[in-house]
Amino acid sequence: MITSALRRELRILVRAKGSVINPLAFLLLSTMLFVIAAPALVDEASNRPSTLAAGILWTLVLLTQLLALDSMYRRDFDSGVLEQTLLNAQVPFVAVLIRILMQWLSTGFIIALCSPLLGIALGIAPKALLITLFSMLLGTPALSLLGSIGASVTVGFNRGGIILALLVLPLFLPTLIFGADMINAAQLGGSIMPQVYALGLISLISLAIAPFATLAGLRISLEMQ
Amino acid sequence: MITSALRRELRILVRAKGSVINPLAFLLLSTMLFVIAAPALVDEASNRPSTLAAGILWTLVLLTQLLALDSMYRRDFDSGVLEQTLLNAQVPFVAVLIRILMQWLSTGFIIALCSPLLGIALGIAPKALLITLFSMLLGTPALSLLGSIGASVTVGFNRGGIILALLVLPLFLPTLIFGADMINAAQLGGSIMPQVYALGLISLISLAIAPFATLAGLRISLEMQ
Amino acid sequence: MVSEALKRLWHKLGSPRWFFALTTPWVTGLGCAALILLLWGTVWGLAFAPADYQQGNSFRIMYVHVPAAMLAQSLYIGMGVAGFVGLVWRMKLADVAISASLPLGMLVTALALFSGSVWGAPTWGSWWEWDGRTVSTLVLFFLYVGIFALREAILDSTLRARASALIAMVGTINIPIIKYSVEWWNTLHQPASFSLTEKPAMPSEMWLPLLVMALGFYCFAAFVVLLRMRAEILQREMHARWVMQWITERRVA
Amino acid sequence: MLTLNALSCERDGQALFVPLNLAVESGDFIELMGANGAGKSTLLRTLAGLHSQYLGQYQADAFLYQGHRLGLDGLLSPLENLAWFAGLEGQEIQRDALLDALATTGVLGKAFAPCNTLSAGQQRRAAMARWLVSDKVLWLLDEPLTALDTDAQTLLRSILAEHCAKGGAVVCATHSPIDVAGKVTVTLQAHDELLQQGEAH
Amino acid sequence: MLTLNALSCERDGQALFVPLNLAVESGDFIELMGANGAGKSTLLRTLAGLHSQYLGQYQADAFLYQGHRLGLDGLLSPLENLAWFAGLEGQEIQRDALLDALATTGVLGKAFAPCNTLSAGQQRRAAMARWLVSDKVLWLLDEPLTALDTDAQTLLRSILAEHCAKGGAVVCATHSPIDVAGKVTVTLQAHDELLQQGEAH
Ligand code: HEM
Ligand SMILES: Nc1ncnc2c1ncn2[C@@H]1O[C@H](COP(=O)(O)OP(=O)(O)OP(=O)(O)O)[C@@H](O)[C@H]1O
Ligand SMILES: Nc1ncnc2c1ncn2[C@@H]1O[C@H](COP(=O)(O)OP(=O)(O)OP(=O)(O)O)[C@@H](O)[C@H]1O
Ligand SMILES: [Mg+2]
Ligand SMILES: [Mg+2]
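Protein chains in written order, with this note's numbering: chain A, 6 to 230; chain U, 6 to 230; chain R, 274 to 526; chain S, 289 to 489; chain B, 289 to 489.
It should be emphasised that the hints constitute simulated quantities derived from the structure, not laboratory data. Bear in mind the structure is a predicted one, so any value in this text is a computation, not a measurement. Think of the CB as a built atom: it goes at the ideal place given N, C-alpha and C, for glycine as much as any other residue. One thing to keep in mind: the hints can contain errors.
[Said to hold, decoys possible] With beta-carbon atoms standing in for the labels, derived distance ranges: (1) S:T438 x B:A294: 25 to 35 Å; (2) R:E425 x A:L212: 53 to 63 Å; (3) B:A294 x U:Q95: 53 to 63 Å; (4) S:D467 x R:E425: 46 to 56 Å; (5) S:E313 x R:E425: 49 to 59 Å; (6) U:I7 x A:L212: 51 to 61 Å.
[Unchecked claim] Chain R side only, calculated, beta carbon under 8 Å to chain U, not exhaustive: (7) A324; (8) W403; (9) L411; (10) V418.
Please model the entire structure based on the sequences and the hints provided.
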């Protein structure tokens with residue numbers, strides 16, 4: 006069951022290439038917008054380590070993730086694939102987990118890989134770039150996991166996008182805070198261990214809650230038809 | 006035809022209350038996230054007028070508009086209302102214009118009304134708050150108009166959200182630049198007339214292009230089925 | 274034996290009719306208690322408590338602000354618990370409770386935010402400061418708004434109940450995380466010039482009225498929630514015989 | 289009312305069916321049949337101007353098109369949908385006339401419920417009510433029998449027959465024959481079938 | 289295989305139809321009829337566990353459910369969809385068996401095309417192929433005749449008959465009768481009809 010589900014996800018990823026490239030492109034674009042709209046930002050960063058940059062980067066990652074989450078279950082819901090999955094999967098829990106994993110791979114993971122580049126653009130101190138990558142790797146799973154809960158409940162709505170934002174962004178807050186903080190700590194040369202523990206803990210708690218809550222949410226959405 | 010179309014739009018607005026409240030809530034939320042992630046922003050603003058704040062405010066408005074745009078034609082497309090509109094409307098042009106007007110009223114207009122509040126939160130100088138409102142009123146119509154073009158072309162895709170962003174954000178750039186600049190000019194006590202002309206011109210040009218381009222885009226999307 | 278009795282009690286608890294009958298006498302009691310406590314606390318706090326040696330009279334906003342902020346959190350946690358009960362035992366009453374506390378919770382949170390800002394103007398010199406407590410209250414407000422938006426979006430009552438129960442529950446699990454992280458963030462970035470974390474060393478003439486006000490707020494909340502729950506029950510069970518009976522009895526009386 | 293001149297629809301540059309010649313006059317009922325994938329839906333969309341890849345020519349009068357997507361807004365009730373549709377065509381809206389139409393198609397009981405709470409057949413019936421208030425003479429219908437119960441099927445037949453009798457015309461893709469007096473059945477022959485028979489073009 | 293014990297589905301707290309008692313055994317073919325809005329789709333969704341508002345009890349064996357939404361991913365080809373579905377159920381995937389199934393339902397020619405480029409009937413046929421590879425004994429089908437051409441309708445009948453003959457069971461909501469030997473027709477009677485007849489509960 007796992008291999009065939011993975012194979013399907015990979016095929017869809019390849020066919021709809023957009024799903025990998027687009028979040029990244031959105032992130033790059035909005036970073037660019039920021040730099041254009043607020044050039045003072047980078048100016049100041051060139052003088053001293055910018056604690057602004059880390060916050061802006063993480064916020065943009067959050068918003069990107071949000072945009073990508075909206076379509077997480079929509080296609081499967083509309084086509085009836087979702088109902089077939091929940092009805093026929095040997096272990097629906099695993100099916101949901103695979104979906105979340107793939108969502109993370111196609112957004113959070115890719116974003117993490119490119120984050121040092123964005124860090125440079127925003128003026129994060131070079132010595133903190135690796136930590137930037139690391140904070141993204143640690144934090145973005147929580148975004149995909151918690152986001153999945155919101156996406157599952159709102160997939161039945163036509164105007165889901167923004168209700169999703171309302172439900173999910175408050176939950177993203179701790180990740181944002183610790184993520185940005187970790188980068189800043191690295192920039193200022195302090196210890197990053199507390200933030201590492203915090204981010205790890207958040208991701209773990211999300212992992213414990215999200216698949217069950219998502220399943221419940223999907224069941225509710227399927228009843229809405 | 007105009008009255009019945011307006012009546013329908015109003016009814017939908019009332020039934021799906023979210024469409025008015027949600028963009029606003031998203032904007033408030035993302036502003037909050039920003040300030041939380043980058044508290045240095047407001048700290049610095051309290052000392053001297055912040056030229057960052059205006060840019061950030063306008064960027065967030067852009068992103069909010071983007072989120073709202075995704076669902077602009079989606080419901081009508083999926084239900085077949087769109088195809089009936091284009092086939093049966095006495096003047097499809099007017100039908101599209103009404104749709105854009107309502108989209109603006111439920112996003113850009115409301116956002117504009119609340120922009121002074123956000124300005125306060127981001128630390129824009131009090132004397133520039135009215136100009137902030139004014140710049141939003143002048144600039145957001147262009148966002149709805151240009152955004153409508155992108156939304157019309159991408160409505161047939163499942164993963165429209167992010168492709169839409171890629172298509173539309175570059176078009177939004179001039180509005181962003183002049184809008185942010187107008188607020189900054191007001192903060193620094195300079196003349197704002199050049200920016201007023203520029204924003205007005207952009208909105209007018211968009212008004213001239215957008216309905217036709219949207220119609221063409223919708224026709225293309227309808228052929229995709 | 275005991276488990277049987279417990280089971281029966283549990284079953285009864287789920288019955289709106291039983292709840293309605295049980296709470297009939299409470300309404301007036303809670304209403305009166307709220308009225309008396311609020312009046313007493315207000316008069317005491319506004320007229321008799323001594324002025325603060327630093328803040329003068331502006332500190333009196335505290336008598337609204339602090340109870341409102343406390344109630345805002347309690348109501349959300351209450352909703353989370355109701356959500357859990359509703360999801361696990363499919364108890365209809367749980368959703369009645371959520372729908373009854375939601376608007377009040379939003380209002381009270383808004384009140385805490387508003388009174389805080391009004392208080393901030395003289396003490397901090399600004400309407401808004403980004404600080405641990407202000408942020409977590411703001412986030413709480415958004416959590417309320419999220420559930421509200423969700424409820425608005427779902428037409429079917431059963432599904433609305435399940436969805437909002439789920440989200441309320443997830444939100445409640447996250448509240449400690451959010452609170453902790455926000456406090457951490459604040460301590461790292463904000464100078465502690467206006468820290469609220471230290472309990473102000475207040476004379477008892479100042480905090481006793483606060484206690485009365487807080488009790489008053491809680492009684493008032495219980496009163497409003499109960500009233501709204503009862504109204505909701507009547508509406509949902511409109512066609513049930515016992516509702517008809519209740520209405521005719523009231524007419525006669 | 290509708291003329292097809294060696295019309296053949298294309299998908300991805302491939303002609304779908306053997307070119308079609310047809311002249312539909314007032315009062316005609318054309319039953320469009322053909323195997324799955326023969327191109328019926330594509331042909332109807334072409335005639336409605338929603339598909340622009342085709343060979344040959346056609347010319348059509350003012351028409352009403354009913355595809356697989358019904359064109360009902362899920363948030364609005366059937367009555368509101370009908371009112372909007374009538375307004376769209378620039379007709380004077382008479383609430384009673386709209387309710388009459390809904391009563392005829394048997395969804396008066398759901399006239400005020402949001403359309404997304406209607407069953408499949410009820411939605412179809414609501415869409416049918418729209419045909420009754422429209423003043424278009426040429427109807428292009430894609431599988432209108434879908435989801436209709438036996439009563440509604442009879443009703444559909446009588447609505448179509450009446451429309452033709454009043455001087456309208458109907459082109460209707462369907463898989464089960466619809467008994468309307470004087471109907472003409474046009475069967476689309478898939479292009480690759482033709483190729484298989486060795487009559488390559 | 290499937291037993292219904294005074295089962296009646298609810299929507300918004302209102303019972304839809306007169307409570308139903310039914311025992312479906314291996315080999316049974318149940319044709320579920322009823323007016324539009326009687327509650328056929330809701331009943332099938334309830335049996336599939338997708339609708340939880342109901343009175344009474346039911347108990348069902350492992351089943352296959354086919355609703356209005358086909359459950360085909362538009363980006364994947366019929367073959368890929370079939371392979372995914374088989375994997376989901378934990379079956380060993382044999383590509384040839386899958387292709388055979390697609391050939392049986394007549395969409396071998398489209399086996400490698402993305403499903404969203406298939407016509408309505410072709411998509412239905414692809415979904416039918418899925419029934420053939422599934423090993424579920426109880427089939428719950430909602431209007432399976434929709435969009436099928438005459439060939440496919442015959443095919444559907446024979447597939448259903450064969451499934452029953454092999455010891456399976458079918459519950460099938462439909463508006464046009466399906467000729468399968470030994471079928472039992474259950475007609476849902478809407479609850480409000482009952483009320484109108486004065487037999488209030
Ligand atoms: C919008 C701004 C503000 C917000 C959102 C806010 C929020 C809160 C919250 C959440 C609490 C905790 C209640 C509890 O114990 O559960 C609180 C308590 C309190 N707040 Fe505020 N506050 C704001 C502004 C202020 C200001 C300006 C002052 C005065 C300088 C103030 C003074 C207090 C005091 C004295 C307490 C009680 C502390 C305690 O007992 O631990 N607050 N506030
Ligand atoms: N999502 C929904 N919310 C509320 N009511 C609904 C919903 N879907 C259907 N209904 C109502 O429930 C009843 C039964 O609907 P259902 O779809 O089960 O009927 P059906 O027998 O399948 O009809 P059809 O033959 O038209 O497919 C209808 O009266 C319908 O209005
Ligand atoms: N969006 C599309 N892109 C590419 N090809 C398509 C598309 N839609 C349909 N086709 C192909 O065009 C052909 C005709 O499709 P069409 O939907 O017109 O058939 P139809 O006669 O309506 O069939 P049915 O009886 O199944 O409804 C089919 O072979 C189908 O595979
Ligand atoms: Mg077709
Ligand atoms: Mg049905």
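Outcome of the hint check:
Separated by about 27 Å at the C-beta atoms, S:T438 and B:A294 satisfy the suggested range of 25 to 35 Å. R:E425 and A:L212 have their C-beta atoms about 31 Å apart, which leaves the hinted 53 to 63 Å range violated. As the Cβ distance of B:A294 to U:Q95 is approximately 55 Å, the hint placing it in 53 to 63 Å holds. At about 48 Å, the CB distance of S:D467 to R:E425 agrees with the hint of 46 to 56 Å.
For S:E313 paired with R:E425, a C-beta distance near 53 Å keeps the hint of 49 to 59 Å intact. Taking 51 to 61 Å as the suggested C-beta distance range, the pair U:I7 and A:L212 conforms, at roughly 53 Å. A hinted interface residue such as R:A324 counts as satisfied when its beta carbon comes closer than 8 Å to some beta carbon of chain U; here the least separation is about 29 Å, so the hint is violated. Of the supplied interface hints, the one on R:W403 holds, with its beta-carbon coming within about 5 Å of a beta-carbon of chain U, less than 8 Å.
The restraint placing R:L411 at the interface with chain U holds, with a minimum CB-CB distance near 6 Å, inside the 8 Å limit. For the restraint placing R:V418 at the interface with chain U, the shortest Cβ-Cβ distance is roughly 6 Å, inside the 8 Å limit, so the hint holds.
The structure shown violates the earlier hints numbered 2, 7.
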